[in-house]
Amino acid sequence: MLFTHSLKFQYPSGPPFTFPDLQCKPGDNLLILGESGCGKTTLLHLLSGILTPQSGDLDVDGIKLNQLKDTKRDAFRGKQMGMIFQKHFFMEGLSVFENLKAARKLSGSAADNSHLEQLMEKLGISHLSHKKPYKLSQGEQQRFSIARALANKPSYVLADEPTSSLDDRNCEKFVELIRLPLTRKPVCWIIATHDQRLKKYFSNICEL
Amino acid sequence: MYIFNLAFKRLISRPANSLLSLLLFAIGISIISLILLADRQMKDSVQRNLAGVDLVMGAKGSPVQLILSSVLHADYPTGNINLREAENIARNPLVKQYIPLALGDNYRGFRIVGTTIEYSGLYNAELYRGQWFESVFEATVGYRVAQMTGLEVGDHFYGVHGFRDVGHAHDYFHYSVSGIMAPTGTVLDNLILTPVETVWAVHDGQDHTHDEHDHENCDHEHDEHADCDQHHEHDHDDSAHHEHDSHNHHFDDHQENPQLNEIRARIEAGEDISREEMELFLATQQQAHVPGTDDHREITAMLLIYRSPAANIQLPRMINESTNMQAASPALELNRLFSLLAFGFDALNIIAWAIIIISGINIFVHLWNTLRRGIHEIALMRVMGASRHKVFIMLLLQGMILAFGGWITGVILARAIWMFLPSFHFMPDVAFIMLQPGELLLLVYALATGILASIIPAWLAYKTDIHFTLTRPENA
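So the protein lines, in turn, are chains A and B. Residue numbering for the first sequence follows my numbering, starting at 1 and increasing by one per position. Residue numbering for the second sequence follows my numbering, starting at 209 and increasing by one per position.
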């Protein structure tokens with residue numbers, strides 16, 4: 001269970017953001033909808049512990065994330081949260097499979113190759129496992145990003161504008177993919193976007 | 209450790225840059241490593257080759273040349289000295305042992321040394337096969353000589369005048385191989401030993417063939433060992449006499465003067481004597497000598513081994529001042545030579561360190577550029593759960609891997625170059641030399657350089673702000 005209570009954040013030179021209270025549990029999905037500059041990314045980074053709020057509470061599975069020390073917060077995020085960005089980041093020197101493995105190893109988990117292989121299988125990228133990610137097509141990179149976000153069997157996946165650069169067909173495909181039972185554990189997808197197309201797929205919507 | 213794995217993968221994802229950094233580092237290391245090897249190897253092998261020789265008497269000239277030619281067999285001799293005169297000096301209670309050397313010929317580049325059996329004793333040489341040389345024209349060859357030339361016991365060979373393989377062959381006289389010495393790891397392995405008389409005989413003979421009409425005028429032109437006044441027939445009695453002669457003499461044959469007897473007694477008791485007493489002793493001894501038929505026999509050098517350290521104070525000065533010979537101490541001259549070389553080594557060392565520093569900067573630039581271009585990778589690692597410390601360590605490891613790789617490559621490179629260097633004659637072949645203590649110290653410096661080069665990029669990675677890195681306009 002993830003919930004927030006009157007989160008406030010302000011950049012050194014910018015207006016203060018006050019965010020509505022959110023609540024989401026594994027198995028549910030949450031769409032955060034808003035125009036550019038309204039603080040969607042900031043909110044996602046607060047939820048993942050990349051940023052710390054000036055005030056307010058953030059509780060993830062009973063842990064007050066904003067009160068954890070840096071190192072512990074990094075480890076917690078690594079283990080419990082997957083992240084997908086609008087641009088597909090990856091480690092250049094590593095293959096697709098090694099990138100997935102890095103997501104597990106860096107969070108302190110064992111490699112668990114069979115889980116990673118299943119994940120690639122379900123996402124249809126098994127044949128790309130030894131390629132370098134930058135050699136993949138846009139659609140393949142999208143699926144690779146989903147695989148990495150799920151590598152650690154997280155309870156939450158936070159996605160920042162995952163569909164804004166996709167056409168309608170691929171946008172639909174993305175929604176189909178995240179609805180697949182990709183891991184045995186239920187996952188809570190929290191998607192921040194300005195993409196109105198996604199609206200019809202989600203019931204739980206928070207407009208900023 | 210996974211972070212090490214990542215550091216390594218990051219480096220090989222930029223192979224050209226990483227290889228360049230590593231090789232530049234390796235060049236610096238290999239120069240220093242080569243200097244260490246050369247220094248160690250030279251001192252080692254020279255020490256072994258000195259074999260306890262305290263003083264060398266030879267013709268006047270460069271003392272370094274005298275030592276190089278007669279102890280290390282690496283240079284041309286300074287000239288000849290009179291055997292009788294040399295023996296008069298050497299027959300001295302301060303001298304425990306003296307060994308004559310007569311050089312001048314070679315066989316396929318290996319020097320033929322006319323000497324006594326005691327010479328092999330200096331190096332504790334043992335026989336590998338056959339017998340020690342006994343009579344004229346018998347030769348006992350060093351282990352490497354036998355290996356390289358294929359000479360076997362009982363074989364015959366002709367010597368060539370000079371020290372190189374090309375030259376005039378003394379084809380009137382052939383040597384017979386009486387034995388082969390076991391390897392000693394010294395210059396002896398590269399030598400052919402024969403009685404001094406053989407060298408005399410060969411060069412008498414050469415005189416004979418070349419200067420048929422005026423040998424009586426004693427033409428020294430190119431013959432370093434000409435024995436001017438007589439054509440030497442292979443005189444076995446003579447040879448026997450000399451071998452006996454070169455053992456310790458306690459000059460029981462001259463006597464009388466009570467003062468002399470007293471000096472002699474004191475010297476033999478190991479007591480010090482004054483310079484005046486020493487001079488008196490030597491003068492008397494020279495006078496005491498009755499000129500004989502061997503008076504004009506010449507040798508190239510005489511090796512002396514002291515009975516007491518006191519000899520060091522008196523003998524060299526006496527020889528240099530009052531004879532037409534020179535005395536040179538191998539230890540002293542080689543130290544001088546090494547200090548000259550050390551100057552060159554120092555210059556090379558400075559160049560090598562300059563290269564290492566530049567390659568350190570090169571590593572820094574490489575890491576810095578990679579980091580700046582791929583800073584989002586660091587942010588990504590952090591998102592995936594890596595702590596600040598981990599990314600800091602990863603960058604440090606990248607620098608250290610390059611430095612360590614450079615060190616290993618450099619050390620191996622140095623050995624490879626070493627094996628292809630034209631080896632000095634007096635150095636035994638060395639296929640593999642163990643790691644030097646200096647090289648381990650070098651490893652410490654290398655790793656320190658790696659850390660220094662990567663500490664700024666590592667700090668940059670440590671301070672990376674995930675949020676701003678991921679939301680930079682170019683990443684949005």
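Everything labelled a hint here was simulated from the structure, so no lab data went into it. Do not rely on the hints blindly, as some may be mistaken.
Partial chain B-side listing against chain A, Cβ under 7 Å, derived [what the hints assert, rightly or not]: (1) R218; (2) S270; (3) V272; (4) I583; (5) M592; (6) K671; (7) T677.
Using 25 Å as the maximum straight-line C-alpha spacing, the simulated BS3-like pairs for lysine-lysine come out as follows [to be verified]: (8) B:K217 <-> A:K131; (9) A:K72 <-> A:K185; (10) A:K69 <-> A:K131; (11) B:K671 <-> A:K153; (12) B:K217 <-> A:K69; (13) B:K217 <-> A:K87.
Positions of the beta carbon are idealized from the N, C-alpha and C atoms, including for glycine.
Evaluation of the provided hints:
The beta carbon of R218 (chain B) is positioned within 7 Å of a beta carbon in chain A (closest approach about 5 Å), and the interface hint is therefore held. The restraint placing S270 (chain B) at the interface with chain A is violated, with a minimum CB-CB distance near 61 Å, outside the 7 Å limit. The beta carbon of V272 (chain B) is not positioned within 7 Å of any beta carbon in chain A (closest approach about 57 Å), and the interface hint is therefore violated. Look at I583 (chain B): its Cβ only gets to about 11 Å from chain A, farther than 7 Å, so that hint breaks.
Here the hint on M592 (chain B) is kept, as its CB sits about 5 Å from the closest CB of chain A, short of 7 Å. A least Cβ separation of about 12 Å between K671 (chain B) and chain A goes past the 7 Å threshold, and the interface hint is therefore violated. Because the closest C-beta pair between T677 (chain B) and chain A is about 10 Å apart, greater than 7 Å, the hint is violated. Note on K217 (chain B) and K131 (chain A): the hinted pairing holds, with a Cα-Cα distance of about 14 Å set against a maximum of 25 Å.
Only pairs whose Cα atoms come within 25 Å are accepted, and K72 (chain A) paired with K185 (chain A) is accepted, the gap being roughly 23 Å. Our distance criterion of 25 Å between C-alpha atoms is broken by K69 (chain A) and K131 (chain A), whose separation comes to about 37 Å. For a cut-off of 25 Å, the pair hint linking K671 (chain B) to K153 (chain A) is broken: about 29 Å separates their Cα positions. With a C-alpha separation of about 30 Å, the suggested pairing of K217 (chain B) with K69 (chain A) is violated against the 25 Å cut-off.
Between K217 (chain B) and K87 (chain A) the alpha-carbon distance is near 23 Å, which keeps this suggested pair within the 25 Å criterion.
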